[in-house]
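Please work from the sequences and hints to get the whole structure.
Those sequence lines, one after another, are chains A and B. Take the first sequence: its position 52, counting from 1, is numbered 84 in my numbering, and each next residue is one higher. Take the second sequence: its position 33, counting from 1, is numbered 65 in my numbering, and each next residue is one higher.
Certain hints may be false.
A pair counts as met if it fits within one copy or between any two copies, since identical chains are not told apart.
[Stated by the list, open to error] Cross-link-like lysine to aspartate or glutamate pairs, in silico, EDC-like; alpha carbons within 16 Å at most: (1) Lys156 x Glu53; (2) Lys66 x Glu86; (3) Lys152 x Asp37; (4) Lys101 x Glu137; (5) Lys115 x Glu65; (6) Lys156 x Glu139; (7) Lys152 x Asp51; (8) Lys115 x Glu56; (9) Lys147 x Glu56; (10) Lys40 x Asp108; (11) Lys101 x Glu86; (12) Lys40 x Asp110; (13) Lys156 x Glu86; (14) Lys115 x Glu102; (15) Lys135 x Asp108; (16) Lys76 x Asp37; (17) Lys146 x Glu39; (18) Lys152 x Glu53; (19) Lys135 x Asp110; (20) Lys40 x Glu117; (21) Lys135 x Glu102; (22) Lys115 x Glu137; (23) Lys76 x Asp110; (24) Lys76 x Asp150; (25) Lys115 x Glu86.
Derived by calculation from the structure, the hints in this document are not laboratory data.
Each chain, written out:
2 protein chains.
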Amino acid sequence: MTALDFEKCGGLIPAVVQDFETGEVLMLAYMNEKAWQETLRTGKATYWSRSRNELWVKGNTSGHVQLVKEICVDCDGDTVLLKVEQLGGAACHTGYRSCFFRKVEGEAFRIVGKKVFDPKEVYK
Amino acid sequence: MTALDFEKCGGLIPAVVQDFETGEVLMLAYMNEKAWQETLRTGKATYWSRSRNELWVKGNTSGHVQLVKEICVDCDGDTVLLKVEQLGGAACHTGYRSCFFRKVEGEAFRIVGKKVFDPKEVYK
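Rendered as structure tokens:
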């Protein structure tokens with residue numbers, strides 16, 4: 033396979049995650065080469081958690097797994113776009129459908145997203 | 033305004049850029065604080081070019097400016113989503129509508145995007 037450029041940004045590339053049906057952008061996460069290979073191998077979106085410093089199979093705790101339907105690669109080979117089926121209906125750990133649930137309005141951020149679950153119920 | 037976290041990744045945050053009408057993901061670029069402020073001030077998507085190490089008003093050379101229709105901020109405040117009107121119909125410097133014009137198919141990347149312009153004609 034034409035290689036992705038993992039070296040440009042210290043071994044990590046950003047992955048934009050989009051709902052494969054609605055086109056809604058759900059989140060952005062990072063992949064190292066291992067996460068990329070695991071995503072291809074398993075069909076489940078797998079990232080590198082920068083906060084926990086470990087491989088992160090999205091949804092392993094919450095059950096909100098992302099089934100990968102399609103992957104596109106950008107012109108520079110240093111960013112990927114995952115089109116996924118989001119199990120559980122929400123990608124964000126705060127319970128919102130998308131991590132981008134706040135809209136910039138003047139000097140403020142206004143919540144415009146849809147809350148799908150209560151984090152207290154999911155992450156016990 | 034609630035602040036964005038520019039420090040987490042060396043002063044730069046990723047900006048996912050989406051067509052405001054179709055929802056197509058067009059590109060990913062990076063912003064430093066100055067680029068962010070300029071984007072807010074002018075309404076034209078402005079990034080930090082990591083290759084040229086300079087502020088980059090998207091479309092200044094090609095005319096393919098991105099007019100910002102909406103901005104969303106993610107849960108961690110370290111990624112933004114721009115919904116834009118892409119003038120000239122293409123975001124990618126290669127002439128494709130989206131930078132994500134290649135799809136992963138097994139071991140290969142297959143071109144699936146739509147070419148809108150000839151780079152030789154645009155970047156003279």
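Do the hints match the structure? See the list:
1. In this assembly of identical chains, Lys156 and Glu53 lie within 16 Å of each other by CA distance neither inside one copy nor across copies; the values are 30 Å within and 39 Å between.
2. Proximity of Lys66 and Glu86 under a CA criterion of 16 Å is satisfied intra-copy only: 11 Å inside one chain copy versus 32 Å between copies.
3. In this assembly of identical chains, the alpha carbons of Lys152 and Asp37 never lie at most 16 Å apart, being 38 Å within a copy and 25 Å across copies at closest.
4. For the identical chains of this complex, Lys101 and Glu137 are inter-copy neighbours only, at 11 Å across copies versus 34 Å inside a copy, given an alpha-carbon limit of 16 Å.
5. For the identical chains of this complex, Lys115 and Glu65 are neighbours neither inside a copy (19 Å) nor across copies (29 Å), given an alpha-carbon limit of 16 Å.
6. Neither within a single protomer nor between protomers do Lys156 and Glu139 lie at most 16 Å apart by alpha-carbon distance, with minima of 35 Å and 40 Å respectively.
7. For the homomeric pair Lys152 and Asp51, neither the shortest alpha-carbon distance inside one copy (24 Å) nor that between copies (34 Å) is at most 16 Å.
8. Within a single copy, Lys115 and Glu56 get their C-alpha atoms as close as 10 Å, and across copies as close as 11 Å, so both meet the 16 Å cut-off.
9. Taking the closest pair of Cα atoms, Lys147 and Glu56 come within 16 Å of each other only inside a single copy of the chain (15 Å); across copies the shortest separation is 23 Å, beyond that limit.
10. For a Cα distance limit of 16 Å, the shortest separation of Lys40 from Asp108 inside one copy, 10 Å, qualifies, whereas the shortest one across copies, 23 Å, does not.
11. Taking CA atoms no more than 16 Å apart as the test, Lys101 paired with Glu86 passes in neither setting, with 24 Å inside one copy and 36 Å between copies.
12. In this assembly of identical chains, the alpha carbons of Lys40 and Asp110 lie at most 16 Å apart only when taken from the same copy (7 Å versus 19 Å across copies).
13. In the homo-oligomer, the alpha carbons of Lys156 and Glu86 never lie at most 16 Å apart, since the shortest distance is 21 Å inside one protomer and 46 Å across protomers.
14. In this assembly of identical chains, the alpha carbons of Lys115 and Glu102 lie at most 16 Å apart only when taken from the same copy (5 Å versus 22 Å across copies).
15. When the C-alpha separation of Lys135 and Asp108 is checked against a cutoff of 16 Å, the pair qualifies only between copies, where the shortest distance is 13 Å, while the shortest distance within a copy is 29 Å.
16. Neither within a single protomer nor between protomers do Lys76 and Asp37 lie at most 16 Å apart by alpha-carbon distance, with minima of 21 Å and 29 Å respectively.
17. In this assembly of identical chains, Lys146 and Glu39 lie within 16 Å of each other by CA distance neither inside one copy nor across copies; the values are 36 Å within and 28 Å between.
18. Proximity of Lys152 to Glu53 under the C-alpha cut-off of 16 Å is found in neither arrangement, the shortest distances being 28 Å within a copy and 35 Å between copies.
19. Only between protomers do Lys135 and Asp110 lie at most 16 Å apart by alpha-carbon distance; the minimum there is 14 Å, versus 27 Å within a single protomer.
20. In the homo-oligomer, the alpha carbons of Lys40 and Glu117 never lie at most 16 Å apart, since the shortest distance is 29 Å inside one protomer and 29 Å across protomers.
21. For a Cα distance limit of 16 Å, the shortest separation of Lys135 from Glu102 across copies, 7 Å, qualifies, whereas the shortest one inside one copy, 27 Å, does not.
22. For the homomeric pair Lys115 and Glu137, the shortest alpha-carbon distance between copies (14 Å) is at most 16 Å, but the shortest distance inside one copy (28 Å) is not.
23. In the homo-oligomer, the alpha carbons of Lys76 and Asp110 never lie at most 16 Å apart, since the shortest distance is 20 Å inside one protomer and 24 Å across protomers.
24. Taking the shortest Cα distances, Lys76 and Asp150 never come within 16 Å of each other, neither inside one copy (23 Å) nor across copies (37 Å).
25. For the homomeric pair Lys115 and Glu86, neither the shortest alpha-carbon distance inside one copy (23 Å) nor that between copies (32 Å) is at most 16 Å.
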